[in-house]
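K.L.:
Residue numbers (numbering that gives the first Met the number 0), protein chains in the order written: chain G, 0 to 600; chain V, 0 to 193.
You may find that some hints are simply not true.
[Unchecked claim] Here are the in silico distance ranges between beta carbons for each label pair: (1) G:Asp510 x V:Gly145: 33 to 39 Å; (2) V:Asp142 x G:Gly48: 43 to 49 Å; (3) G:Pro459 x V:Pro187: 58 to 64 Å; (4) G:Glu526 x V:Asp142: 40 to 46 Å; (5) V:Gly79 x G:Ile243: 43 to 49 Å; (6) V:Ala138 x G:Pro464: 30 to 36 Å.
Don't read these hints as lab results, they were simulated from the structure. For every residue, glycine included, the Cβ atom is placed at its ideal position computed from N, Cα and C.
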Amino acid sequence: MSGAPNETWDAIIIGSGPVGANVAKTLSDRGKRVLILEAGRNSGTTYEGYLSYVDTYRAALVKEPNSPYPPNPNAPSTYSQDIHNVQQRVPVLSGYQVEKGPLSFGSTYLRSLGGTSLHWLGTSPRMVPNDFRLKTLYGVGVDWPISYDTLQPYYCRAERALGVSANKADQTHFGIWFPEDYDYPMERIPPSYSDQVIAEGTKGLSVTFGDQAYPVSVTSLAQARNSIPRGDYTPLGAVGAPHIGQRCEGNASCIPICPVQAKYSSLKTLAQLDRDHATIITQAVVSRLLINESGRIDGVEYKRYAAEGSNQYTTVTAAATIYVVAAHAVESAKLLLASGAANSSDQLGRNLMDHPFFITWALAPKSLGTFRGPGQTSEIPSFRDGPFRNDFAAFRVDLGNWGWDIATFPPNSNVQNLLNANIVGRKLRNQLGDVVPRQLRIGYVIEQLPEPGNRVTIDPEFMDPLGCYRPVIHYNVSDYTRAGMVAANKVSNAVFHSMGITDANIFTHFDSSSPGYMMYRTESGQEVPLSFYGSGHHMGTHRMGVSRTDSVVNQYQQSWDHDNLYVVGCGSMPTTGSSNPTLTAVAMAFMAADHMLQQLR
Amino acid sequence: MTYSAHDPRTMQAINTGPSHSAPQRTPLRTPPAPTALALERFVQLSGALTGYDHAELYGTGMVDVYLGTLTAIVGDGMTGRLLQRWADIVEEGGGDPHREPHKMEGLLRHQMLDDDTLGPVARNLAFLWYTGQWNQLPADWRDANGANALDQTYIISPDAYVQGLVWQAIHSHPMGAKQPGYGSWALPPQGNAP
Numbered sequence: 000m001s002g003a004p005n006e007t008w009d010a011i012i013i014g015s016g017p018v019g020a021n022v023a024k025t026l027s028d029r030g031k032r033v034l035i036l037e038a039g040r041n042s043g044t045t046y047e048g049y050l051s052y053v054d055t056y057r058a059a060l061v062k063e064p065n066s067p068y069p070p071n072p073n074a075p076s077t078y079s080q081d082i083h084n085v086q087q088r089v090p091v092l093s094g095y096q097v098e099k100g101p102l103s104f105g106s107t108y109l110r111s112l113g114g115t116s117l118h119w120l121g122t123s124p125r126m127v128p129n130d131f132r133l134k135t136l137y138g139v140g141v142d143w144p145i146s147y148d149t150l151q152p153y154y155c156r157a158e159r160a161l162g163v164s165a166n167k168a169d170q171t172h173f174g175i176w177f178p179e180d181y182d183y184p185m186e187r188i189p190p191s192y193s194d195q196v197i198a199e200g201t202k203g204l205s206v207t208f209g210d211q212a213y214p215v216s217v218t219s220l221a222q223a224r225n226s227i228p229r230g231d232y233t234p235l236g237a238v239g240a241p242h243i244g245q246r247c248e249g250n251a252s253c254i255p256i257c258p259v260q261a262k263y264s265s266l267k268t269l270a271q272l273d274r275d276h277a278t279i280i281t282q283a284v285v286s287r288l289l290i291n292e293s294g295r296i297d298g299v300e301y302k303r304y305a306a307e308g309s310n311q312y313t314t315v316t317a318a319a320t321i322y323v324v325a326a327h328a329v330e331s332a333k334l335l336l337a338s339g340a341a342n343s344s345d346q347l348g349r350n351l352m353d354h355p356f357f358i359t360w361a362l363a364p365k366s367l368g369t370f371r372g373p374g375q376t377s378e379i380p381s382f383r384d385g386p387f388r389n390d391f392a393a394f395r396v397d398l399g400n401w402g403w404d405i406a407t408f409p410p411n412s413n414v415q416n417l418l419n420a421n422i423v424g425r426k427l428r429n430q431l432g433d434v435v436p437r438q439l440r441i442g443y444v445i446e447q448l449p450e451p452g453n454r455v456t457i458d459p460e461f462m463d464p465l466g467c468y469r470p471v472i473h474y475n476v477s478d479y480t481r482a483g484m485v486a487a488n489k490v491s492n493a494v495f496h497s498m499g500i501t502d503a504n505i506f507t508h509f510d511s512s513s514p515g516y517m518m519y520r521t522e523s524g525q526e527v528p529l530s531f532y533g534s535g536h537h538m539g540t541h542r543m544g545v546s547r548t549d550s551v552v553n554q555y556q557q558s559w560d561h562d563n564l565y566v567v568g569c570g571s572m573p574t575t576g577s578s579n580p581t582l583t584a585v586a587m588a589f590m591a592a593d594h595m596l597q598q599l600r
Numbered sequence: 000m001t002y003s004a005h006d007p008r009t010m011q012a013i014n015t016g017p018s019h020s021a022p023q024r025t026p027l028r029t030p031p032a033p034t035a036l037a038l039e040r041f042v043q044l045s046g047a048l049t050g051y052d053h054a055e056l057y058g059t060g061m062v063d064v065y066l067g068t069l070t071a072i073v074g075d076g077m078t079g080r081l082l083q084r085w086a087d088i089v090e091e092g093g094g095d096p097h098r099e100p101h102k103m104e105g106l107l108r109h110q111m112l113d114d115d116t117l118g119p120v121a122r123n124l125a126f127l128w129y130t131g132q133w134n135q136l137p138a139d140w141r142d143a144n145g146a147n148a149l150d151q152t153y154i155i156s157p158d159a160y161v162q163g164l165v166w167q168a169i170h171s172h173p174m175g176a177k178q179p180g181y182g183s184w185a186l187p188p189q190g191n192a193p
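Okay, chain G solo, but in the shape it has when bound:
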C-alpha cells in the first residue's frame, strides 16, 4: 500500500461504500488501475475483525445503527444518541453533524471501510417508472433526465452485484418490468409468520383517497441477503470465511450488523477486487480536490492519519485521469463545497432529502411471533404510486418483524416497566411472553420532495480534529410529506382494524420531546401532531439533471463543470420515490462506470 500515491491512476475513487466499491470493481475488471481512498478504518476485512464488531454490538447499551463500529474522531460519524429535538435548542452540536433546523435530520451514516452498507437493512426495491416523471405527471418535484427503461438493465446488474433475493412475479407492479429471461439471483426471503398473519387479516381491505380505492396487498420485499440461489449464482458469504453466511440465518440484527454476513456489505465487493489493478488506502480523509486553470481536476489532497487516538497526519496528494467522488451524499457535497468545485448551478449541497420514516404500533390479538427473522420481509406496496401524488407524498409500507423496536425499545423496556410495578418471577416471564410477541410496528417510508433550503453547508466555525469541515445540516419537512404521514396513519388504522385490533390496542402517539416531533394543519384546518424518524437515506445533494443550470451532474453523474469528475451515489437522485435508494444508486453507478470506461479508452 505504501508508495502508491506517487503513481498515476486511471481513476481515484473517494469512498468504499456500495457505490464506490462497485465502480472500482467495474473499472478494475476491465484492467483500469484504480485507487480507493477511504476515510475510515478497515477493521472489518478479516473475519476475526468483523466478529469483534459483533461483540461490540452485543455489549453496546444502545444498539443503534453505528453501535458495532467504534467511534473514530479522525473520520467521525454521527450516532443516534447525538440527535436531539432541534426545536428545543438550535443549533445541535452534540454529534458530528451540526443541526441548524428547523427540524432535526434524524439520519446517520458510517465512515468506515464498507461505508453505511455495514449497518443498512438491505431492503432493495426498484423505483417505479412514475417516480422518474414526478413533475410531468403530478406537478411536483422534478423529472429525472433518465427513465426507468434507461435504468432497467443496470438494475439487473445491481441486483446481481448486491445479491438480492426476490421473485420477479412479486415485484412486477406499478409498471416495474423485467426482461423475459431475467429473475433475481436468489429466491425470495420467506415472509415472516407475522407477515402471514397481516396478509390474512387484511384480505379484501382497501383504503380510499379522493375517489379512488386502493386495494391493500401484502407482498414479499426484495432484500440484499442470501437465500436459495437461482441458476449459476453463488451467494457471497462472509469476507474471509465464504462458507459462512450462505443463507440468512435469522439473527434478527440486520441493523446494525449481520453476524454471519448473509446481508450484503461492500466489504464483499472490495474483497473481490483484482489487487493487481485496485489499491485501497484507508485512514485517508480527502480534504480537497485540486482544480487546474482549464477546469479539470488535477489531483486530490488527503490527510492520512496513523491511528484513531491521535490527530497526527501527513498530507498527501494523488493524481489520476478521472476522479470519482462516492463518499456519501453528505460527505461528497461537503468535499466539493470545500474544494470550490462542481457548483456553477448553485445546487450543490441543496435538495437534501431522506425518507421521513413514520411509524405506528399496536398490540395484535394473538402472537405474531415477533423478534424473529430479518427486520422486514414484506411490504404493502399499494401506495407507491397513484393519483393521490398530486396531493400528498407516496409511501411504501414496511411490516416490521421486531416488535415495537424504535417506538419503545422492547424487550428491555417491557422488563423494566414490569419490574417497576414489582412484577417478578413467573408472572414477569409469562406477561413478557404474552405481550411482546403480539407487538406490531408498521413503518412508512415516505417520499420527500427536493427543496433548495434543505441543504448541507460548511462553515469554518465547525471543523473536525483533522481540520476538515463538519457537515452543517438545514432541514425541514414540507406539507406534501406531512400530508403523506396523515394518509399513512389512515392506512395504519385501516390495517389494524382489519386485523381485529381495537383502538384501545393502538398505541401510536407522538411525543413532543422526540427529535422528529412536529405539527401539521390538515385541509380542514385541524392542527395534528406527527413524528418521524430518519431512514438513513440521504439523497439529492448533487442531483443529476438535463442542464448545467438545474443540476450538479448529468445523467452519467459526470460534473457539468469538470469533465474528469464524477459525483456518484444517492446524492445524484433528483427525487426519492418511496424506494430505499441503495439499489438504485448502485444501478446508476454501473451506468456511470460504463461511461467512465469510454472516457478511459
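We have chain G; now place chain V onto it with these hints.
P.N.:
Frame of chain G, contents of chain V only:
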C-alpha cells in the same frame, strides 16, 4: 428503513450510562469465593425473581458472574443483607420456597421489593438476569447507601447479553445471536398457547 433516532424518554429509562461504545471498565476485583450457603440463597432468590428454575439459571453460565457483579457493586454487606432477607422470607414461608408459591410471592413483594433499600437492588438483579445489563441504582438510593464507582449502567459482557433470559421469555432468541436458521421466522411460533 433504518433505526436512527430515538425517544429520549424511553432511552433515558433504559440507558443512563455512556453510550457510544462499551465503557472502559475497571476489572472487577475478585471477590472472595461465595460460601455454599450464599450461593444457594443467591440462586434461590434469582429463581424467585426471574421465574426460571435453578438448572436454567446455572445453564446460562452466569451465576458466578452475576453474584460477583452484585457483590462488587453493592458490596459484601448489602449483598449479605439481601440474601439474609431472602432466607428470612423462606423461613417465614415455611422453609420451602416452592411449597406455597403465592405466599412466597407476597412475602417477597412486601419484605424485599417494597423495601427502600433492598427493593432497588432486587429489581436490578432481576433486570440483570433478563438482559445482561446492570442499571445504575437510583440517585436517592446512592445518596442513602453510598455511590460505588462501579455502579454504572452497562452490559456486563457480550455473553451476558446473549444469555439474557428475556429472549426465552418472549419465545425467541437474542437479536444477533443463537441464530435459529434459514426460514425459521416463517413458522408459527406456537410457544404462546395458553
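K.L.:
Hints first: check each against the structure and report whether it holds.
P.N.:
Hint check results:
1. Separation of Asp510 of chain G from Gly145 of chain V is about 35 Å and conforms to the stated range, judged on CB atoms against 33 to 39 Å.
2. Distance hint check: the CB atoms of Asp142 of chain V and Gly48 of chain G are about 44 Å apart, consistent with the given range 43 to 49 Å.
3. The hinted window of 58 to 64 Å between Pro459 of chain G and Pro187 of chain V holds, with their beta carbons roughly 60 Å apart.
4. Between Glu526 of chain G and Asp142 of chain V the Cβ separation comes to about 43 Å, which falls inside the hinted range of 40 to 46 Å.
5. A C-beta distance of roughly 47 Å is found between Gly79 of chain V and Ile243 of chain G, which places it inside the suggested range of 43 to 49 Å.
6. Look at Ala138 of chain V against Pro464 of chain G: about 34 Å separates their beta carbons, and that is inside 30 to 36 Å.
In terms of the numbered hints stated before, the structure departs from none.
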